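Peer 1: Sequence:
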Amino acid sequence: MEKVDDEILGKLGMVLRSIWYERNNQLFNNKKAEECEIVGRAMELWKEFNSHHTKQLRSEEEKTHNWEPPPVGWIKMNVDAAVLKGKGTGFGAVARNENGNFVVMVVRREWNQWSPELAELKAIEFGIRMAGRSGINQMVVETDCQTAFLALENP
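Residue numbers (UniProt numbering): 1 to 155.
Derived from the structure by calculation, the hints contain no laboratory data.
Quick caveat: nothing in here was measured; it's all calculated off a predicted structure.
All residues carry an ideal CB built from backbone N, CA and C; glycine is no exception.
Heads up, a few of these hints could be off.
FRET-style restraints, in silico, Cβ to Cβ [as the list claims (entries may be wrong)]: (1) V72 with Y21: 18 to 28 Å; (2) W74 with N30: 19 to 29 Å; (3) L16 with E125: 35 to 45 Å; (4) E7 with E98: 18 to 28 Å; (5) K31 with F149: 35 to 45 Å; (6) E35 with E153: 36 to 46 Å; (7) M43 with W111: 16 to 26 Å; (8) S115 with E153: 16 to 26 Å; (9) E37 with E98: 16 to 26 Å; (10) S51 with S115: 16 to 26 Å; (11) D144 with F102: 13 to 23 Å; (12) L84 with L16: 13 to 23 Å; (13) D5 with M139: 14 to 24 Å.
When you get a sec, could you build the whole thing from the sequences and use the hints?
Peer 2: The structure is reproduced here in structure tokens:
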């Protein structure tokens, strides 16, 4: 499998999340949405997430970060979370092998207003659980939240 652009992965994640959400909405609330509505909402969510994430990145100092592959035979999972006031928390994880090839990606939205640190810890937990369900057992987890990292390093 060749490398996939992060934007494509993000949009795919939002579409999958929206399909799952609408499936539950139909199953539990008996409300059906048209396919084009589902994809349209997913793209709006992506734009909203991307505009917030881009603003956040611009407000920080410019950082350059090169992805470092995991050891051969291992998987590296990058996790991230975003807390949007009044809109809940979104988090996800992307796992790649030592060649940088996509292995698994998961996203989730919670209506909880967690602290950014707790949201990042939830993203780590979610990523590890999904990796386990995918049969991944040798994994490096990478986060950009030092507080979450330190909490796990020194519980």
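Peer 1: State the violated hints by number, sorted upward, taking the hints as numbered earlier in the document.
Peer 2: 1, 2, 3, 9
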